[in-house]
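J.: Residues per chain are reported as follows:
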Amino acid sequence: VQDRDAEFSEFVAATEPRLRRALTALCGPEEARDATAEGLTYAWQHWERVRAMKNPAGYVYRVARSRSRARKTRPPWPEVPSSLPEVEPGLPAALAVLPERQRVAVVLVHGWDWTPVEVAQLLGISVSTVRNHVARGLERLRNLLGVRING
Amino acid sequence: MADLETQVRQYTKSALDHVEPVRADEITTTERLPRGPRGRARLAVAVAASALFVGGGALWIVSRHGGDKVRVTSQSGASPAPTHWTQTASLDTELSNIIAVRGGIVATGYGGIWFSSDARSWKNMLTPEQPGGSAPYVSDVVATSHGLVAVGTAAEPGTSHGVAAVWTSPDGRAWTRVRDSALEPSTPPIPSNNTSPDRSSIAAIVRGGPGLVAIGEVFSGTFNGPTLVTPCCTPTVWTSRDGSTWTRIDKAGDPGGRFVDAVGRNGTVVALASMVNGTDVSKSDDGAHWQHVGIVRGSVSSVAIHGNTIVAVGSIAAANRNGRAVIWTSRTGVTWRQVYAEPSARITDNKSVVSNGHWLVVVGYRGRFEVNTRGVMAISKDAKHWAEVRRDGDVFTSDAYLNSATAFGQGFVAVGTARTGAGTPSNPVQSHTVVFSSNLKSART
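Chains W and G supply the protein sequences, listed in that same order.
Each step along the first sequence adds one to the number in our numbering, with nothing skipped, and position 88 is 355.
Each step along the second sequence adds one to the number in our numbering, with nothing skipped, and position 196 is 203.
Excised from the complex, chain G in its bound form (with noise of 0.2 Å):
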């Protein structure tokens, strides 16, 4: 072997040195994006290279697999098939998680809560208190037969830091905040000129164990003046009963590992933590025992359960570095299967997969970088055959990313992020919150 220094060197000029350069001109004619949510790995990409249409009554997927054709019966059945969509909201604030709640649709991010009964009209439910730092979040929210939980990261007082925060409504309407110091945990310190680390924050919400269990970190890094030299926080778990009162269970996960997210099934709790060379999934019935099963070789953003499938969408490093779309399934957790990885050079980011037990919607952007994408979104019945979905070819094009979607009634909501203006000063870039819907006249509202 060479010294270390010259390993560095050829490892650099061989591996690292191949980054397209950024033009001025690039950044001159558009505008940077919000950033997506805090907590959840945004990975490259899964799209489907195949097409959908409707023709003759009939729709017809084309299957990416060789370009069979499969025809789909769901127009005339129970679950119709997703495939057509349209605006109903734009909201001038930042939403990047949707999910349907008796009675409606509650969205979350930076922008706090906010509710709808019919995917079009909304209202701001509750702005979560601003650390002096950064920016508060809601990440996701569960329902309960007591109400609803949300949980994020909010301020805590008398500091710059965020905190671990949980809210309860028992309609969707109405948030109060729980004050638990399970959620608040002595760390060590954190520099008051550094707002970078939270304290402790919450990346997901889901049911199993004792009732709940939600999925996040504690800040265990240390700092040497305003560096902080080891890994800055801890995968942890927090348990509760009827999201009231909050149990901590410290290092749950890989010290390395950040979770990402999370399903429940039967009780049973399936975690996904990004590590270094992958992501790895664990399994608990409790909440607080956790067992390592399986690892998944790429970057997962979001999973979901899909009949007896857990679905888990993300990517992997391709040949041009450029992030290749992957959907990965798996019967147990144990082991996982790549049933799509995405053709194209373009860089794709999967942000959300949801089921409602017929269809599968992936949705995400598709582009060269932050400044220049568009929304796309991907459908399947069985998650093994995938389909992009288009609208005339430009259903989603003037949108710069769809986050998430949710299943609502017979249909399907889903919220992105859109921009107008040229991106010049006299014309900037302004960007919002988008809502669309597919199938909503036989929404259950």
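The following block holds chain W by itself, in its conformation from the complex (with noise of 0.2 Å):
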């Protein structure tokens, strides 16, 4: 049992910022941490199918994404904080109404400077599309707040 808990300590203490993160992405800080604690928790209680998994840390947000109450009541995101005069006060309600991946490829990329082949790991899914999702993240947020192409 010691050696399960070390191993999924470990586990935990490589993975769930990362997850942390990508949670905070796709269903806002408010959801995070509960549904990172859901997918860590699912993870624990599968453990010995999931340790064996060519790509852990992306099934078990996979997982937290599943069942993520945020996807359902989309809890609204927090404002612009007035110490960001130069942010768009419309930028929360923008990012809400992205697709998933689109949100998430976008706040990884571009607010926590991930790699797109970081992205395309945690997500399952190939670089080439991790960038279709930003450029088309960037495309929707600049039509939805009126932003013009070059700032």
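It is possible that part of the hints are untrue.
Distance windows between CB atoms, simulated [as the list claims (entries may be wrong)]:
1. W:A319 x G:A150: 35 to 41 Å
2. G:R109 x W:S333: 49 to 55 Å
3. G:R248 x W:S349: 49 to 55 Å
4. W:G357 x G:K258: 21 to 27 Å
5. G:R109 x W:L411: 49 to 55 Å
6. W:E406 x G:V283: 19 to 25 Å
7. W:D272 x G:P177: 36 to 42 Å
8. W:G391 x G:E27: 52 to 58 Å
9. W:L411 x G:V300: 41 to 47 Å
10. G:D293 x W:R329: 40 to 46 Å
11. G:A295 x W:R271: 57 to 63 Å
12. W:P348 x G:V300: 19 to 25 Å
13. G:T237 x W:S349: 57 to 63 Å
Since the hints were made in silico from the structure, they are not lab data.
Note that the Cβ used here is the ideal one computed from N, Cα and C, for glycine as well.
Since each chain sits alone in its own frame, please combine them into the complex, following the hints.
T.: Given below as structure tokens:
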């Protein structure tokens, strides 16, 4: 049991920060911790199976995504802090209406500086698909916000 | 304005990067709880910071407003205060909604439909057909002059996707599924390997309009390969005279919304739909024509009528990003007044509000997150002053959360989810449904 605990703890230490940020991008900060806990709890419950997977972090992300109640309830995204006058006030609402994968790709790549390869590994999709999601997500954000291509 | 990529970076670092990490030991000592009812927003919440106690033969509520003491005369009145609760049943199933009907109580959820005449002995009356992907779910029941009508989501023959489902019963014991093409609309294609969206689903049903009004949604999204590239569903209303034949009113709500609950009063239905920035309130006299009348600045999970007041419970986002419990009231549905806001930094979740005309009962849970929670309950006579129900400080402590309550006779019955076990491989956590009752002796059975 101790080996199992230690192994799982290592997995959490290595995976949780990425998982939490991806789920924050998916369902917003209000629900992200719950979703992260849901995914990791599933991993703990099915650890023998999860540990043998090729991409356990990606699998846990998909479990958390499928169980996230935010996909149903769509909680509001936090307002733009007043300390950021350079940011469009409508950005949170625009992010909220993006398709899931576009939002996750945009926030991870441009918000947290992930590489498309890192995003692709977690989402279980190709790098080119990630790039497409980022490009289309930015394009849609520009349309929603009325932002000109050159800023 | 900065360029868009910079704006995303600044917003992410400033507004999104504060979620507290989840530690491994939080996971290994607890277990995941069953999910809440499908289609019902589970929102953070409202439990009064006040205390309620019994002393000297009289019930006192210490108000959350300045600590004023309010003497409650209900001990000798027709409707005793629901302050004393006892567990009356434990069921190895998952039930999230409970409704008193003629001759008994009906409880519904992923476990189908269960019936009891006394809140103690329960029997499974219906197990819905299993869709290939998602679990069937019985979300709500209403009593009519013809009998009972239950709604939810069940199997669509030949596919893995669920469709809106209606069952009728003369007595709560024998149930028959209604087949009507209005409940099973044609929708855009859903990839066979994607089991997430149901083709249609019903979240709640109330009396009103031509007889019955059910609220839910129909899949209207577009897939690009396995990816859903547009919002999945459109708010939809179904109406019926008797529960046997149905008419569908497509696009009854804002495309970005999701119906969460409704109440009927004098034939008029007030429906609430969760939106990105609040909860829309709409009214209809016939179920077919809807008028947007107001907005609640928060996320509403449940709504009830108490006298001349509409009471909604839900949450707003707190400064610390946890959900902050809120209760709102409204006379007309147009303007809403926030009458309570949870001061606690803890995440709490209000799941249901019910009134018996004398008392309001709100149930939910409080905790850091779903794997570490306990049930909570608050009561009020006037919808303004709320008190948390405590019984020796621990009546609900072993229970993950309380899901729903119903007025039964002169008392109340509540249903919740409890867990046992330490959450270790040798002593795993087991979840089951628990039933609590208050003033059950005076209930008419």
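J.: All hints are to be evaluated individually against the structure, with a verdict given for each.
T.: Now the hints, each set against the structure:
no., hint, verdict
1, W:A319 x G:A150: 35 to 41 Å, "violated (52 Å)"
2, G:R109 x W:S333: 49 to 55 Å, "violated (39 Å)"
3, G:R248 x W:S349: 49 to 55 Å, "holds (54 Å)"
4, W:G357 x G:K258: 21 to 27 Å, "holds (25 Å)"
5, G:R109 x W:L411: 49 to 55 Å, "holds (51 Å)"
6, W:E406 x G:V283: 19 to 25 Å, "holds (20 Å)"
7, W:D272 x G:P177: 36 to 42 Å, "violated (55 Å)"
8, W:G391 x G:E27: 52 to 58 Å, "violated (26 Å)"
9, W:L411 x G:V300: 41 to 47 Å, "violated (27 Å)"
10, G:D293 x W:R329: 40 to 46 Å, "holds (43 Å)"
11, G:A295 x W:R271: 57 to 63 Å, "holds (58 Å)"
12, W:P348 x G:V300: 19 to 25 Å, "violated (32 Å)"
13, G:T237 x W:S349: 57 to 63 Å, "violated (33 Å)"
In terms of the numbered hints stated before, the structure departs from hints 1, 2, 7, 8, 9, 12 and 13, listed from lowest to highest.
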